[in-house]
Amino acid sequence: MGLSDNAKLATKLLALAAGMLVFAIFVMPPLYNAFCEITGLNGKTGGRYEAVPAAVDSDRTVTVQFVASNNENMPWHFKPGRVSIKVHPGEETNAVFLAYNPTDRDMVGQAIPSLVPFKAAEYFHKTECFCFNQQTLKAGESAELPLRFIVDPDLPRSVNTITLSYTLFDVTERVSAHFDNNNADPQREG
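1 is the number of the first residue of the sequence shown in the numbering used here; add one for each residue after it.
Among the clues, some could well be false.
The calculated DSBU-like cross-link candidates involving lysine-lysine, where the alpha carbons are at most 30 Å apart (straight line), are [as the list claims (entries may be wrong)]:
hint, residue 1, residue 2
1, K138, K79
2, K119, K86
3, K138, K126
4, K126, K86
5, K12, K79
6, K86, K138
In short, the hints are calculated from the structure, not lab data.
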């Protein structure tokens, strides 16, 4: 292999690596979200649900367990107010998660939900959730993060326990960069 062959190979490898990066960042997330939405896999919960009057099944009880975890780069203390709640399908239920920012800087967090068993995701409806919005906590600040949900009465009878898990991510830099880009002074540029 001559020098030009090595340069061609290096160029092809760099182009392949760049293509893989673009695919992983821009193509895979929308495909993955669509796949999860269609199949219900990964227990991704839907967005805001508008509650409509429904009959409460008071003869049946479902245990809803809550789990909280942080992404490796998130220093906040994050936990459910209660580890589990027993609910009757059809009744609107309130829960709370607790967050505390122990750092010396203001931060923004975003919670991403997941639910198991996967087949229960389409029967778990959030009418209010802190995960719908980013949460800003000042240095040393704590907050109660509200969750209101309904377990659909059509939940299969084989499902007696649902586990709702949230992973909290630090999105401070992304939010700051977005804010800075949208508020740039056009007279200073160019």
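Checked hints:
Straight-line distance between C-alpha atoms of K138 and K79 comes to about 18 Å, which keeps the hinted pair within the 30 Å bound. Distance hint between K119 and K86 is fulfilled; the C-alpha atoms sit about 19 Å from each other, no more than 30 Å. Between the alpha carbons of K138 and K126 the distance comes to roughly 27 Å, so the proposed pair stays at or under 30 Å and holds. Proposed proximity of K126 and K86 is supported: the alpha carbons are some 16 Å apart, at most 30 Å.
A distance of roughly 47 Å separates the Cα atoms of K12 and K79; the hinted pair therefore is violated under the 30 Å criterion. For the suggested pair K86 and K138, the alpha carbons sit about 34 Å apart, so the restraint of at most 30 Å is broken.
The structure fails to meet hints 5, 6 from the earlier list, while all remaining hints are met.
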